[in-house]
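Those protein sequences? They're chains G and S, same order as listed. Residues 1 to 463 (the UniProt record's numbering) are what the first sequence spells out, left to right. Residues 1 to 463 (the UniProt record's numbering) are what the second sequence spells out, left to right.
It is worth saying that the hints were derived from the structure and are not from the lab. Treat each hint with caution, since some may be false.
Computed list of lysine-lysine pairs in BS3-like fashion (alpha-carbon distance at most 27 Å, straight line) [what the hints assert, rightly or not]:
1. K65(S) to K436(G)
2. K448(S) to K444(G)
3. K391(S) to K337(S)
4. K246(S) to K100(G)
5. K220(G) to K160(S)
6. K100(S) to K436(G)
7. K359(S) to K246(S)
8. K448(G) to K448(S)
9. K448(G) to K65(S)
10. K304(S) to K220(G)
11. K128(S) to K246(G)
12. K220(S) to K220(G)
13. K444(S) to K436(G)
14. K448(S) to K65(G)
15. K220(S) to K304(G)
16. K448(G) to K444(S)
17. K444(G) to K436(S)
18. K436(S) to K65(G)
19. K65(S) to K444(G)
20. K100(S) to K412(G)
21. K100(S) to K246(G)
22. K160(S) to K128(G)
23. K65(G) to K444(S)
24. K444(G) to K444(S)
25. K436(S) to K448(G)
26. K436(S) to K100(G)
27. K128(G) to K246(S)
28. K220(G) to K246(S)
29. K246(G) to K160(S)
30. K246(G) to K220(S)
Nothing here was measured: the structure is a model prediction, and the numbers come from that model.
Number of protein chains: 2
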Amino acid sequence: MASLNFSNEALKSLIDHFPESSLLISKEDLIPYSFDATATFYHAPLAVLFPSSIEDILWVLQWAKSNHACILPRGSGTSLSGAAVPQKNSIVLSMTKWNKILEADPYNLTLLVEPGITTQAVQEEAAKFSLFYPPDPGSYKISTIGGNVGHNSGGIRGLKYGVTRNYVLGMEVVLPNGQVIWLGNKCVKDSAGYSLKDLFIGSEGTLGIVTKVLLRLIPKPQERQVILASFPTLEVASEATSAIIKAALIPSALEFLDQKTIECIESYSPAGFPKESQAVLLIESDGHPQAVRDEITRISQVLKQYGPLEIRIAENPKQQEQLWSARKVAFSALARKAPTVLLEDVTVPRSSLAQMIRKIQQISKAYAVEIAVYAHMGDGNLHPVFLGDEKNKDLMERVFRAMKEIFLYAIKLGGTITGEHGVGLAKKEFLAYQYKSEEFQLLKNIKKILDPENLLNPGKIFD
Amino acid sequence: MASLNFSNEALKSLIDHFPESSLLISKEDLIPYSFDATATFYHAPLAVLFPSSIEDILWVLQWAKSNHACILPRGSGTSLSGAAVPQKNSIVLSMTKWNKILEADPYNLTLLVEPGITTQAVQEEAAKFSLFYPPDPGSYKISTIGGNVGHNSGGIRGLKYGVTRNYVLGMEVVLPNGQVIWLGNKCVKDSAGYSLKDLFIGSEGTLGIVTKVLLRLIPKPQERQVILASFPTLEVASEATSAIIKAALIPSALEFLDQKTIECIESYSPAGFPKESQAVLLIESDGHPQAVRDEITRISQVLKQYGPLEIRIAENPKQQEQLWSARKVAFSALARKAPTVLLEDVTVPRSSLAQMIRKIQQISKAYAVEIAVYAHMGDGNLHPVFLGDEKNKDLMERVFRAMKEIFLYAIKLGGTITGEHGVGLAKKEFLAYQYKSEEFQLLKNIKKILDPENLLNPGKIFD
Chain G
1 MASLNFSNEA LKSLIDHFPE SSLLISKEDL IPYSFDATAT FYHAPLAVLF
51 PSSIEDILWV LQWAKSNHAC ILPRGSGTSL SGAAVPQKNS IVLSMTKWNK
101 ILEADPYNLT LLVEPGITTQ AVQEEAAKFS LFYPPDPGSY KISTIGGNVG
151 HNSGGIRGLK YGVTRNYVLG MEVVLPNGQV IWLGNKCVKD SAGYSLKDLF
201 IGSEGTLGIV TKVLLRLIPK PQERQVILAS FPTLEVASEA TSAIIKAALI
251 PSALEFLDQK TIECIESYSP AGFPKESQAV LLIESDGHPQ AVRDEITRIS
301 QVLKQYGPLE IRIAENPKQQ EQLWSARKVA FSALARKAPT VLLEDVTVPR
351 SSLAQMIRKI QQISKAYAVE IAVYAHMGDG NLHPVFLGDE KNKDLMERVF
401 RAMKEIFLYA IKLGGTITGE HGVGLAKKEF LAYQYKSEEF QLLKNIKKIL
451 DPENLLNPGK IFD
Chain S
1 MASLNFSNEA LKSLIDHFPE SSLLISKEDL IPYSFDATAT FYHAPLAVLF
51 PSSIEDILWV LQWAKSNHAC ILPRGSGTSL SGAAVPQKNS IVLSMTKWNK
101 ILEADPYNLT LLVEPGITTQ AVQEEAAKFS LFYPPDPGSY KISTIGGNVG
151 HNSGGIRGLK YGVTRNYVLG MEVVLPNGQV IWLGNKCVKD SAGYSLKDLF
201 IGSEGTLGIV TKVLLRLIPK PQERQVILAS FPTLEVASEA TSAIIKAALI
251 PSALEFLDQK TIECIESYSP AGFPKESQAV LLIESDGHPQ AVRDEITRIS
301 QVLKQYGPLE IRIAENPKQQ EQLWSARKVA FSALARKAPT VLLEDVTVPR
351 SSLAQMIRKI QQISKAYAVE IAVYAHMGDG NLHPVFLGDE KNKDLMERVF
401 RAMKEIFLYA IKLGGTITGE HGVGLAKKEF LAYQYKSEEF QLLKNIKKIL
451 DPENLLNPGK IFD
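Looking at chain G on its own, in the form it has when it is part of the complex:
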């Protein structure tokens, strides 16, 4: 505890209460907890607490209440909205050590886990029982289930399998008032009272601290097949996507990469993406072997109507894996392209994909801002990636103006400013455009009854 950099009485009582091994307070130790995966936010917490029990959580809640501090529950900090960045007088409550599987129940196809377990560990545990946990956010290797619940995380399989919400059967939550409640159960149907569980999913740690999660698993698809199609323009690729959905074909993934993204991936970790094409669709079908073959055939037929430069079917699991690995490094590859890289997350109705993509191109030109786009296209979920530089004030201003215009256009098309990253700090300014004032007030009212003293992750989603 060498570099103790505060002397406040209140903090002393915190330090006195917890063993040294549970608390980080030195300036250097706090650095990794001062930001998340969003590029532009930074604020150091007062301390980081690794609670060892519910009692610890209750104690620190009470402490925060008495000392006008606040609590930020945090997993691995992979949030892309600033939801995991501390605000003034925050104690970070790190749940990463709560990473156990408490019960695997193959009779009910459920997993009871602690919130600090990684998404990948959950996927692996499911696989042990030949079961499947579909949500698959980009950061799945390190993102935690608690964080996934907080953001209602999605990933590449949303169009067929849905998002985190669809796999949460129940949860234990510590409320700001110190009550420990349990919501949900192992039943796949339950109409007993308001679905409070759904209120906490996607609430970004602003309503309660999730301490256990009961997850629903599903049968593991027997087989998968991956198909790659490259196109001469972004628009044609968008139109082909809309046509696939219109044909009521819902593959397990339908990803999009623009030329900039492809180029970056190929120079970062070559996977044989066709560099010369303007857009690539990467489509996975899974399920019964014959069903997969038929779906791939039907999808190919649709694709062919849109003049693809190439259609390539991965010949074996190794090739499939190669394509997916390449897709999964998209953000890391792009992150090397500029000093400050901002990943956005607008989502539009799937009939409006070409329109949205066209608008992004126009905006990129109009503001002279480089924007790469990759997308969970089958969900209508686009990730425009802004290549900026924090040291170039003028550029960053244009970046934010371009971003705002993209948000507003997505809303105009009946879309949302965030498909899976959440609102956090990054988008709270724009949420008011998506919600009418009455709807916006309702969000605040919900916060008010659950957290009247604004103890939990204040300043996120709204002020």
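Once you've looked at the hints, dock chain S against the given chain G.
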């Protein structure tokens, strides 16, 4: 307006405001709106209003507020929990004339409908586009989407396809304070703020008046196959069900009928159910033709391990339809067996089915109450049917004691008092057993912020 049976000033202002064709006030006209499909509740409303616009709804809300009356939004009144039975000083707001399809969007696989449209009409509209709306409550021919949303209705396809909640993308709601809000959008992913939409789904008309619903449709399964298996005991059939789930086989329906139910169906509308067996499982697989064949084979293999008396695969669509029609008349058939028939709705984790069924048998004997059981077994959702007689006070007392014991046992097994019928009046007494007092208080707090004056369907879910 012959038999005007009230003279109250307030009601006069209501009558003066609306055209005669929009308002029912005569004693006889109010009778059909004084009960729902639950056998034991009856209370006449003050009047029934058929609003012709949002303005009408706003007017009557204001009127109710000024006159200490309350509003009960109502579809077809097929609720099985008393949720659609008026309480004191209620105006029934009948939404049945709001039954239009406002937009079918095959590009986004969505339907925008008015709340008074029937579930069947939605299913039929979806079918026109070769799409599928899976929720399928027993009353689908007349139940409305608004009612389905209010109860988060399920039906026979819950295990594979989920319930109403899984198909509601958005809704327009009139709040008790007169605000008209829109929640959700056509995007299949949305992480922008708390999921208020999910709060209204299953809220039984206590939080807002749903005036539009945006539904999600999915591709229509290509083929279906139905298999019937009969068993010598209820328990073996339950164990076979648990074994199917444990084998990660999730067919599109897995229904259960006990011997009493079979007997009634056969004498009401003969379908060739094997009368001599104690329990029948009716299982449907749907999807890709080859996948269906393989699933049926694997399910048969599991069933055979539990010593079935018979396994029968429907040979053609006509036979399939016959079996399903017979299953769907189960409640009507049982309703003829006694003067007062109460249909219950407990749900348990699917590993506990045999235990629950055994307990129901014991309780039936202990209280000398005839209880038939049919079930959405694959969901763990049991419908014990109590054969009672309102004129026999002693019998009815035993019926309610037996019922309570079944509820408590379901809760003990980690289940719920209602899988799909909702709480309404019938179960509010028992909800407090399922929720801890803090959780229960939270439900009430939600009601309080949305409906501080208790204008909407008061006395339902909780007091």
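Right, here's what the structure says about each hint:
Distance check on the hinted pair: K65(S) and K436(G) sit about 24 Å apart at the alpha-carbon level, within 27 Å; holds. For a cut-off of 27 Å, the pair hint linking K448(S) to K444(G) stands: about 14 Å separates their Cα positions. Pair hint K391(S) plus K337(S) holds up; C-alpha atoms about 15 Å apart against a cutoff of 27 Å. For the hint pairing K246(S) with K100(G), the CA-to-CA distance comes to about 23 Å; that is within 27 Å, so the pair holds.
About 14 Å separates the Cα atoms of K220(G) and K160(S), which keeps this hinted pair within 27 Å; it holds. Among the hinted pairs, K100(S) with K436(G) is consistent with the structure: their alpha-carbon atoms are about 26 Å apart, no more than 27 Å. Simply put, K359(S) and K246(S) have alpha-carbon atoms about 22 Å apart, close enough for the 27 Å limit, and the pair holds. A threshold of 27 Å between alpha carbons decides the hint, and for K448(G) with K448(S) the separation of about 12 Å falls inside it, so the pair holds.
For the hint linking K448(G) to K65(S), the alpha-carbon distance of about 25 Å falls within 27 Å, and the restraint holds. Taking the CA atoms of K304(S) and K220(G), the gap is about 23 Å. The hint holds against a cut of 27 Å. With a CA separation close to 14 Å, the supplied pair K128(S) and K246(G) stays within the 27 Å bound. Taking the CA atoms of K220(S) and K220(G), the gap is about 21 Å. The hint holds against a cut of 27 Å.
This hinted pair checks out: K444(S) and K436(G) have alpha carbons roughly 25 Å apart, not beyond 27 Å. Restraint check for K448(S) and K65(G): the C-alpha separation of about 25 Å stays at or below 27 Å, so the hint holds. Pair hint K220(S) plus K304(G) holds up; C-alpha atoms about 23 Å apart against a cutoff of 27 Å. The suggested pairing of K448(G) with K444(S) holds, with an alpha-carbon distance near 14 Å, which does not exceed 27 Å.
A hinted pair counts as satisfied when its Cα atoms are at most 27 Å apart, and K444(G) with K436(S) qualifies at roughly 25 Å. Between K436(S) and K65(G), the direct Cα distance comes to roughly 24 Å. Compliance with the 27 Å bound is thereby established for this hinted pair. For the hint linking K65(S) to K444(G), the alpha-carbon distance of about 24 Å falls within 27 Å, and the restraint holds. Of the pairs offered as hints, the one joining K100(S) and K412(G) holds, with about 25 Å between alpha carbons and a cut-off of 27 Å not exceeded.
The hinted pair formed by K100(S) and K246(G) meets the criterion: a straight-line CA distance of about 23 Å does not exceed 27 Å. The suggested pairing of K160(S) with K128(G) holds, with an alpha-carbon distance near 22 Å, which does not exceed 27 Å. Pair hint K65(G) plus K444(S) holds up; C-alpha atoms about 24 Å apart against a cutoff of 27 Å. Between K444(G) and K444(S) the alpha-carbon distance is near 17 Å, which keeps this suggested pair within the 27 Å criterion.
The straight-line distance between the Cα atoms of K436(S) and K448(G) is roughly 21 Å, inside the 27 Å bound, and the hint therefore holds. Proximity of K436(S) to K100(G) is assessed by CA-CA distance (about 26 Å); at most 27 Å being required, the pair is judged to hold. Proximity of K128(G) to K246(S) is assessed by CA-CA distance (about 14 Å); at most 27 Å being required, the pair is judged to hold. A C-alpha spacing of about 13 Å is found between K220(G) and K246(S), which places the hinted pair at or below 27 Å, so the restraint holds.
The straight-line distance between the Cα atoms of K246(G) and K160(S) is roughly 23 Å, inside the 27 Å bound, and the hint therefore holds. This hinted pair checks out: K246(G) and K220(S) have alpha carbons roughly 13 Å apart, not beyond 27 Å.
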